[in-house]
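**Q** Protein chains in written order, with the numbering used here: chain F, 1446 to 1575; chain G, 1446 to 1575.
Do not take every clue at face value.
Identical copies carry no separate label here, and so any pair may be met within one copy or between two of them.
With a straight-line Cα cutoff of 25 angstroms, these simulated DMTMM-like cross-link-like pairs (lysine to aspartate or glutamate) come out [stated by the list, open to error]:
1. 1561 - 1461
2. 1548 - 1454
3. 1448 - 1567
4. 1548 - 1567
5. 1561 - 1523
6. 1561 - 1473
7. 1448 - 1523
8. 1448 - 1529
9. 1499 - 1523
10. 1474 - 1539
11. 1448 - 1560
Honestly, the hints are just simulated from the structure, not real lab data.
Please read these numbers as outputs of a predicted model, since none were measured by experiment.
Given next are the chains, with one letter for each unit.
Protein chains: 2
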Amino acid sequence: MTKTQQTLETAQQAFEHFRHGLATGEWEKFIAILSDDFTFSFPAGPYQGLNQGKERMAEFLGYVSEKVFSQGLVFTLERTTFNENTVVFEGTSEGLMFGNPYKNQVAVSFDIRGDKICSYREYLSLVYQP
Amino acid sequence: MTKTQQTLETAQQAFEHFRHGLATGEWEKFIAILSDDFTFSFPAGPYQGLNQGKERMAEFLGYVSEKVFSQGLVFTLERTTFNENTVVFEGTSEGLMFGNPYKNQVAVSFDIRGDKICSYREYLSLVYQP
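So here's chain F without its partners, still in its complex pose:
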């Protein structure tokens, strides 16, 4: 298997855990696949900008599932693009944000090192200010 194929497989596995977390609030499997020096960036809200660490990501995901999308968010995957280090998932996320109907186009980019995700970047297509 080439490095690009390994990267894609690792990212796709992580993405399934990510999607499961969004839908259910169960984030253990996703967090287990993050590297120790993991970083993430997010467009808006209290975690806007660049954040450091798995613990910070766990906090953020708890906030997302408990406060923002407490009834779950459904991510419909539309496209996957990749190279040997990075995989981008484009799709639609839909649910209730703070109880109000929410739908957005999203691009989520994972950097992979070995069998871990070392970086996560989220980009939004429609701007909603909570």
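Dock chain G against the given chain F, drawing on the hints supplied.
**A** Below, chain G alone, put in the same frame as chain F:
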């Protein structure tokens, strides 16, 4: 050359024209590479959401270069991911937005058909409301 390689080459050429347009306001070469049934989506402002047609894109790019970033916007490319139909460019854009310092992480996704761009989707990493 595989279809994926052709897609990547077409998209990279278009992206150079796109970057040139952002920096200079000269959009002719980029617009020439768009398909007749071209669509685009953008996160904010008067062109927020899904838009149809090359003419609408030309209007939008004129608005961007004349009103929003009238002194030009510099796009620094950081990552390119791809599959046989789609290429995503991730990077940083920096300049003056309505005269104020502006810097953002951006993902731009092109769908390719033949030697044309048939769809453009822009996603932002930091939310700025103009």
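**Q** One pair to classify: residue 1448 and residue 1523, alpha carbons no more than 25 angstroms apart. Within, between, both, or neither?
**A** Classified as both: same-chain Cα gap 23 angstroms, cross-chain 19 angstroms, threshold 25 angstroms.
**Q** 25 angstroms Cα cut-off: does residue 1474 pair with residue 1539 within a copy, between copies, both or neither?
**A** This pair counts as within: shortest intra-copy Cα distance 22 angstroms, inter-copy 37 angstroms.
**Q** When no copy is named, should residue 1561 and residue 1461 be tagged within, between, both, or neither for a Cα gap of at most 25 angstroms?
**A** within (14 angstroms within a copy, 33 angstroms between copies)
**Q** Which holds for residue 1561 with residue 1473 at a C-alpha limit of 25 angstroms: within a copy, between copies, both or neither?
**A** Classified as within: same-chain Cα gap 14 angstroms, cross-chain 43 angstroms, threshold 25 angstroms.
**Q** Within, between, both or neither: how does the pair residue 1561, residue 1523 come out at a Cα-Cα threshold of 25 angstroms?
**A** both (23 angstroms within a copy, 20 angstroms between copies)
**Q** Which holds for residue 1499 with residue 1523 at a C-alpha limit of 25 angstroms: within a copy, between copies, both or neither?
**A** between (27 angstroms within a copy, 23 angstroms between copies)
**Q** Checking an output row: residue 1448 and residue 1567, CA cutoff 25 angstroms. Within, between, both or neither?
**A** within (24 angstroms within a copy, 28 angstroms between copies)
**Q** How would you classify residue 1548 and residue 1454 at a CA-CA limit of 25 angstroms: within, between, both, or neither?
**A** Classified as neither; 28 angstroms inside a copy, 33 angstroms across copies.
**Q** Regarding residue 1548 and residue 1567, is the shortest C-alpha distance of 25 angstroms or less found within a copy, between copies, in both, or in neither?
**A** Classified as both: same-chain Cα gap 15 angstroms, cross-chain 16 angstroms, threshold 25 angstroms.
**Q** How would you label the pair residue 1448, residue 1529 (within, between, both, or neither) given a Cα cut-off of 25 angstroms?
**A** Classified as both: same-chain Cα gap 6 angstroms, cross-chain 18 angstroms, threshold 25 angstroms.
**Q** Check residue 1448 against residue 1560 for me: Cα-Cα at most 25 angstroms, and say if that holds within a copy, between copies, both or neither.
**A** within (11 angstroms within a copy, 29 angstroms between copies)
This entry does not satisfy hint 2, going by the numbered hints stated previously; all others are met.
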